[in-house]
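Novice: Residue strings, one per chain:
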Amino acid sequence: MPLLALEQRLIERFQHGMPICAEPYLEMAQVLDCSEAQVIACLQQMAERGSLSRIGPVFDHHRAGASTLAALAVPAERLQQVAERVSQYPEVNHNYAREHHYNLWFVLTGPDRPHLQRVLDELEADTGLTPLDLPMLTAYRIDLGFALGDAP
Amino acid sequence: MSCPLDSTQRLALRRLLESGLPLLPRPYQALAQQIGAQEQQVLAQLDQWQQQGLFRRLGLVLNHRALGFTANAMLVLDIPDALIDEVGQRLGREPQVSLCYQRPRRLPQWRYNLFCMVHGRQRERVEAQIAGLLERHQLSDLPYQLLFSTQAFKQCGGRFAPVGARPHG
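Chains as they are written, first to last, in my numbering: chain A, 1 to 152; chain B, 153 to 321.
Bound conformation, chain A alone:
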């Protein structure tokens, strides 16, 4: 099977769930009718190219800890510096510049809400900027995966 086809099939089949067992790559290979070595090699290449961030669970931080979406309105000339400061925190997993007055958006996760509050307070003290703190209230859709084929 050509590598690209295998990559596409791995993504489509195992993005949303893969077997929890002692030899998951072997089971995935059996489902896709190829060898375990091919599955591992393909995933390795995807990881090296950067298209695969990691393999494993995405924890529901709402149930397994605390999380919030935060935003800062950063003067343009300070954006890089403040973004680097925000990214230093291990509690920050996504950190994006966006086109808006609030131009820096990041997700904070931690063991509990007071922990997140300390990070927000520290950032405010450090940068002189007050973060918007927008924790999730209701999830209507939480699927982090996406379809390769029909996206615009």
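Hints were generated in silico from the structure; no laboratory data involved.
Glycine residues also receive a C-beta, built at the ideal position from the N, C-alpha and C atoms.
Fair warning: there could be bad hints in the mix.
[Stated by the list, open to error] What follows is a list of derived Cβ distance ranges for each label pair: (1) B:ARG277 <-> A:ARG118: 37 to 43 Å; (2) B:ALA218 <-> A:LEU137: 30 to 36 Å; (3) A:HIS115 <-> B:SER292: 22 to 28 Å; (4) B:PRO174 <-> A:GLN8: 19 to 25 Å; (5) A:GLN8 <-> B:GLN303: 39 to 45 Å; (6) B:PRO256 <-> A:SER35: 22 to 28 Å; (7) B:PRO260 <-> A:ALA76: 20 to 26 Å; (8) A:ALA22 <-> B:GLN204: 34 to 40 Å; (9) A:GLN8 <-> B:LEU235: 38 to 44 Å.
Go by the hints and put chain B onto chain A.
Specialist: Using the frame of chain A, we list chain B on its own:
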């Protein structure tokens, strides 16, 4: 029947999982060795977490930017409170919406209470798709904004437990 992991091992396992499974034929055995446990204990713990609903999913976590999905729009809408659940559920069923959350308003700075993520390869097509979405759901007249991302400074898995030193204690 394997005995359960202790709390230190559970925390260590969770940190390891947040960095990703190793690409080895027995990945859970490798993790078990790192936390001083048996493979069976690690698998039992994962089953338990899965049953408790602590995982959104367990699978390949992709970097959409590296796959060419560089047009990443956050659509934010100001929906009357009485309608938020109905509108949120409707938008959440749209296949092109990957995340749909209600979040609090922070007046006067922030009026929007519904957040949708739409990913695509081309900005113009994402804009057209969102315009179509708003029209179909009769939302075009409500206040909304479209925030495209311009730069990704960091993208990785969420960390439950802080690891290592914090930047300033």
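Novice: Identify every previously stated hint that the structure contradicts and give their numbers, smallest first.
Specialist: Violated hints (numbers, rising): 3, 5, 6, 8; every other hint is consistent with the structure.
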